[in-house]
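Since the structure of chain A is already known, use the hints to place chain B on it.
The chain contents come next:
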Amino acid sequence: MNNKKHNDLPDNSENIFSEGIHICHIYNDDNERARTMAKFFEKGLAEGNKILCIVDTASPSDIKGELVNLGVDANLLESDFVTLDNDSAYNPNGIFDPDSVLKNIGFFVNQARQNGYKGLHVSGDMAWVLRGKIRPRLLMEYETKVLDYQKLTPCTAICEYDARKFKGGLIMDILSVHPVILVRGQIVQNPYFISPKEFMKQYDARQVQ
Amino acid sequence: MMRGRYNKSKKVPSVDPQVLGKLLILQATLHTFPDSENLAEFLSRGLEEVPGTGFVMVQIFPFVKYPREKEILVNEICKLCGLGRTGETTNMFLLSPDRYQDHFCIHIKTMSATYGCFFFAKRDGETFKPYQPFLENLANTVALTLEIRNHESNLKRVNGELQHTKEGLEILVQERTKELTLKNQELQRWAHIFEHAEWGVAVSSADGKTFELMNPAFARMHGYTIDELKGQPLHIVSSPEIWRGVPINIDLDHEKGHHVWESIHIRKDGSRFPVQFDATTVRDELGKILYRVINVQDITARKQAEEELHESEERLRAVVQTANDAIITVNARGDIAAWNAAAETIFGFSADEILGRPVTQIMPEQFRTAHLHGSERALTSDERLVTGKTVEVAGLAKDGREFPMEMSFAEWRTQTGDFFTAIIRDTSERKQRENELQAIATLSAALRTAPTRAEMFPVIIGQLVVLLNCETISVEIIDPLTGDAVTEVAQGAWKPLMGTRQKSGTGINAIISRTRQPYYTNDLNNDPNFAHPELVSTGIHSGVGAPLIAQDQLIGFVWMGRKTDISKSEIRLLVAVADIAANAIHRATLHEQTRKDAANLAQAYDTTLEGWAHALELRDQETEGHTRRMVQMTVDLARAMGIGEEELEHVRRGVLLHDIGKMGIPDAILLKPGELTDEEWITMRKHPTYAHNMLSHIEYLKPALDIPHFHHEKWDGSGYPHGLKSEEIPLSARIFAIVDVWDAVQSDRPYKTGWPREKAIEYIRVQSGKHFDPYIVDVFLRLVDKGEI
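Quick note, the sequences are listed as chains A and B, same order.
The letter at position 69 of the first sequence is residue 69 when you use the numbering used here, and the numbering goes up by one with no holes.
The letter at position 402 of the second sequence is residue 402 when you use the numbering used here, and the numbering goes up by one with no holes.
So here's chain A without its partners, still in its complex pose (with noise of 0.2 Å):
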């Protein structure tokens, strides 16, 4: 398989990756993952934007390393990169609740745009769902939630599914709640999108059936 096809992000992420929008990046390898990201970012730093990296398992350091060693500035990683680990950014109160993790998420909007940066892009690592035990419906509702949040705040975020751990069923749901997806380095709209509050309701019929 020919990665770095895949990895070349396309003409039109600029213009979507400009603007507040929610992601959703489907992969199943983590090569692959790291160059998604390191594109991301590499676009989300040259734009002026604040980067907030939620990892799982990795370390600053390692983050940073990799993202280097992928072509990323490392100057500018060193003054306009953080990250932030699962815990701290999605249990901040040790369980997960979705507004505090949204307005976990707009401290660091705020702090940006208040440092001089145009906005905030995000990227986020969703393995932890697994670990913790999430229920799916609030993990739904969680994502529901940031579509509604980036109506009203600058920040772009991308959230990272591993194809190899979720499920089929609910990477479909998961689909529905992203209004653009990355699918083979293309970033799409959604077709499989629907507003939140139907799909709130599909869901729930469907989990009633």
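It cannot be assumed that every hint is accurate.
[What the hints assert, rightly or not] So these bits of chain B aren't anywhere near chain A, every CB distance computed over 10 Å:
| hint | residue |
| --- | --- |
| 1 | His31 |
| 2 | Ala510 |
| 3 | Thr594 |
| 4 | Gly769 |
[Claimed, not checked] Distance condition first, Cα-Cα at most 20 Å in a straight line; then the derived DMTMM-like pairs of lysine to aspartate or glutamate:
| hint | chain 1 | residue 1 | chain 2 | residue 2 |
| --- | --- | --- | --- | --- |
| 5 | A | Lys167 | B | Glu49 |
| 6 | B | Lys563 | B | Glu610 |
| 7 | B | Lys672 | B | Asp748 |
| 8 | B | Lys389 | B | Asp352 |
| 9 | B | Lys303 | B | Asp278 |
| 10 | A | Lys133 | A | Glu198 |
| 11 | B | Lys230 | B | Glu285 |
| 12 | B | Lys759 | B | Asp748 |
| 13 | A | Lys165 | B | Asp35 |
| 14 | A | Lys165 | B | Glu37 |
| 15 | B | Lys288 | B | Glu212 |
| 16 | A | Lys201 | B | Glu49 |
| 17 | A | Lys201 | B | Asp527 |
| 18 | A | Lys167 | A | Glu141 |
| 19 | A | Lys167 | B | Asp35 |
| 20 | A | Lys167 | B | Glu48 |
| 21 | A | Lys145 | A | Asp204 |
| 22 | A | Lys197 | B | Glu411 |
| 23 | B | Lys109 | B | Asp35 |
| 24 | B | Lys686 | B | Glu675 |
| 25 | A | Lys145 | A | Glu160 |
| 26 | A | Lys167 | B | Glu37 |
| 27 | A | Lys151 | A | Glu141 |
| 28 | B | Lys156 | A | Asp29 |
| 29 | B | Lys702 | B | Glu758 |
| 30 | B | Lys759 | B | Asp743 |
| 31 | B | Lys662 | B | Glu610 |
| 32 | B | Lys752 | B | Asp740 |
| 33 | A | Lys145 | A | Glu198 |
| 34 | B | Lys786 | B | Glu758 |
| 35 | B | Lys156 | A | Asp30 |
[Claimed, not checked] Label pairs and their in silico Cβ distance ranges:
| hint | chain 1 | residue 1 | chain 2 | residue 2 | range |
| --- | --- | --- | --- | --- | --- |
| 36 | B | Thr177 | A | Lys133 | 42 to 48 Å |
| 37 | A | Asp97 | B | Ser112 | 22 to 28 Å |
| 38 | A | Asp56 | B | Ser112 | 36 to 42 Å |
| 39 | A | Asp56 | B | Leu169 | 39 to 45 Å |
In case anyone wonders, no lab produced these hints; they're calculated from the structure.
Quick caveat, the model's predicted, so the values are computed rather than measured.
Ideal Cβ placement from N, Cα and C applies to all residues, glycine included.
The following block gives chain B in isolation, referenced to the frame of chain A:
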């Protein structure tokens, strides 16, 4: 094929672009799901969005996502679908006729494999129909993805297998390399051993006929170089007579695989030497002979050692068998394990009779318990009472005879156990000889104290009785004048022979005289030479006579007779006694003769002396009997002084000769009537010196010279001729001086009258300590008082 069924000219129902977008998203995303179950679930959820669909079920082998309404196994579904007829609709599927019109099944398949299917239960066939081509395309994409994945998986598996195989091969190569390295090292060690072995090692061809390989020792052993031996036939090192038997051995060798024998090999120079030959046949797995390995050891030294050992054993065996002493070995159980020829002779048991029997069988009953206790001590402790020592014990012969024996005892140990070896000497004869020697010594000592034959005969007879246990004995001495044998001693049955004479040259004595050897008969009464038929009735039938030979001269015979047989040792003892007795009798005879001759000579001397004394009396005009009186008084006084009889004889002779020196005094002086002048006295006083000069060269008279020489010496030293004093004067002279004066003063002379006895006594007393020895005077006067003088 499917597309062919949808003709472009036919009106195609309109499709929703949004749905197509969804199908594209599915198509673009499906590759991210590595797990088939997840993929099936993802597709099922995604395909539900296809319009006209009642429900959808995506099956990907081996995972099946079942519809919730009913579980249907994959194979059953496939039967319903009719695999191989993909794209066809059927009415056979009647899951829920009121809800679903029919179903549509698209196989997920490639040209080579089927991976599953999309199963749609259609709610609205018309609406659904326009999407079928897109669904088929999606199914093909899924199939290709799965096939690629399958290929990748297979490739990965193959790669894994290859990697595994490669790793396995690498491990195998490493192990093999290690094994070969070890084998190589081992081979090198074997090669080193092979090269430096002292044993000769060779490898022959499979047919066992030629040498293919050998080590230096093998070549050196046979005097060849390795190059000289390679390819040579085996028999080049084997003697022809031995080689003739080798093929047989080879056959045996081949059958057994390994064979060992001893042989003779030949060196290059033709010399031969013994070897131990060890051949091993090496075969392959099919039993085919590959080669033979031959080990050869030069066993010359071993053979020599074995030969020497054999010779040593033979020598030892010969020594043991020919030894005069019995050599007996007993094992720890006390059974006799070895028994030599001398043992047979001494004990009377043959080896066959006694081997394996308990050693107590050759011991007298009274010693057996002590022996058993001693043996037990020897086996259970370090106590050794007899080991290494020589002891005197008693043995028991087969005939029940006990005999003394001397035994040296040794203990030794082998792998088979402890053994005790005894060297035994029968000391019966030695004991007998010791007894004989003791008897002979006793006899000799006794005979030395018996100076005469009369005293000797009882001693001889007594010893013979003791030594020979014999009462009937006689001793006959040859009369030197007639040659007759005169029986001087006879006792027992032969006592009547006492004093009888047997003519020379008659009877058995004549034979003994001629042969000078003892004569023995155990049938005396029928012996034609027996000279005393009158003694037949005594019952004595055994008799032995031995010559009495002294200084090579036959002087007589000693005889003993007994009612039982007389042994050789007894005869030998009789001869030994006869030798001693003969010499003793001869010596006594000579002694008696000498004493007789000496007595006769002494008598002749004494007669001569008395004649001289009488002549002196006549010349000196002494009265008749003066000398005899002087002799008697002097002898009496000397005896009273404690002088022995033999010495008294010398005293007596000295008195007879006391004035012999006057023979040298001229008659004018000796016979002068008046007093002598001084010169005449000087001459007169020389007569003691004259006596000494006259008689000193006569050996017989030397002991008697003291009186003639010193009788004029005085106790106070005023006498003559030497002026000796006190005890310097010989005792006999001091004694005689008193007697001489005593007789002189009382004798009448031409020139005076003799004094009376009392005056003489007084004079003697007065001269005590002056002229005379006072002690002798005392003795003399006591005799006078007693009237003994």
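Evaluation of the provided hints:
1. His31: At roughly 8 Å from the nearest Cβ of chain A, B:His31 sits no farther out than 10 Å, so the non-interface label is violated.
2. Ala510: Holds, because the least Cβ-Cβ distance between B:Ala510 and chain A comes to about 151 Å, which exceeds 10 Å.
3. Thr594: Non-interface label on B:Thr594 holds, nearest chain A Cβ at 152 Å vs cutoff 10 Å.
4. Gly769: holds (160 Å)
5. A:Lys167 to B:Glu49: Within the cut-off at roughly 19 Å; holds.
6. B:Lys563 to B:Glu610: With a Cα-Cα distance of about 63 Å, the restraint between B:Lys563 and B:Glu610 is violated, given a limit of 20 Å.
7. B:Lys672 to B:Asp748: holds (15 Å)
8. B:Lys389 to B:Asp352: Cα-Cα ~29 Å, so violated.
9. B:Lys303 to B:Asp278: holds (17 Å)
10. A:Lys133 to A:Glu198: violated (25 Å)
11. B:Lys230 to B:Glu285: Roughly 27 Å between the alpha carbons, so the hint for B:Lys230 and B:Glu285 is violated.
12. B:Lys759 to B:Asp748: Given pair B:Lys759, B:Asp748 holds - Cα atoms ~14 Å apart, limit 20 Å.
13. A:Lys165 to B:Asp35: Holds. A:Lys165 to B:Asp35 sits at ~9 Å (cutoff 20 Å).
14. A:Lys165 to B:Glu37: holds (12 Å)
15. B:Lys288 to B:Glu212: holds (18 Å)
16. A:Lys201 to B:Glu49: With Cα atoms ~16 Å apart, A:Lys201 and B:Glu49 stay inside 20 Å; holds.
17. A:Lys201 to B:Asp527: violated (171 Å)
18. A:Lys167 to A:Glu141: holds (18 Å)
19. A:Lys167 to B:Asp35: holds (9 Å)
20. A:Lys167 to B:Glu48: holds (17 Å)
21. A:Lys145 to A:Asp204: holds (16 Å)
22. A:Lys197 to B:Glu411: Status violated; Cα separation ~121 Å.
23. B:Lys109 to B:Asp35: holds (18 Å)
24. B:Lys686 to B:Glu675: Answer holds: B:Lys686 to B:Glu675 is near 17 Å, not above 20 Å.
25. A:Lys145 to A:Glu160: holds (17 Å)
26. A:Lys167 to B:Glu37: holds (9 Å)
27. A:Lys151 to A:Glu141: holds (16 Å)
28. B:Lys156 to A:Asp29: holds (17 Å)
29. B:Lys702 to B:Glu758: The hint is violated at about 36 Å.
30. B:Lys759 to B:Asp743: holds (12 Å)
31. B:Lys662 to B:Glu610: holds (16 Å)
32. B:Lys752 to B:Asp740: With Cα atoms ~17 Å apart, B:Lys752 and B:Asp740 stay inside 20 Å; holds.
33. A:Lys145 to A:Glu198: It holds: about 13 Å lies between the C-alpha atoms, which stays within 20 Å.
34. B:Lys786 to B:Glu758: Distance ~14 Å between B:Lys786 and B:Glu758 Cα, so the pair holds.
35. B:Lys156 to A:Asp30: Holds: B:Lys156 and A:Asp30 sit about 19 Å apart, inside 20 Å.
36. B:Thr177 to A:Lys133: 42 to 48 Å: The hint (42 to 48 Å, Cβ to Cβ) is violated, given that B:Thr177 and A:Lys133 are roughly 54 Å apart.
37. A:Asp97 to B:Ser112: 22 to 28 Å: The hinted range 22 to 28 Å is violated for A:Asp97 and B:Ser112, with Cβ atoms some 52 Å apart.
38. A:Asp56 to B:Ser112: 36 to 42 Å: holds (40 Å)
39. A:Asp56 to B:Leu169: 39 to 45 Å: Holds: the Cβ-Cβ distance is about 40 Å, inside 39 to 45 Å.
The structure is inconsistent with the numbered hints 1, 6, 8, 10, 11, 17, 22, 29, 36, 37, although it conforms to all the rest.
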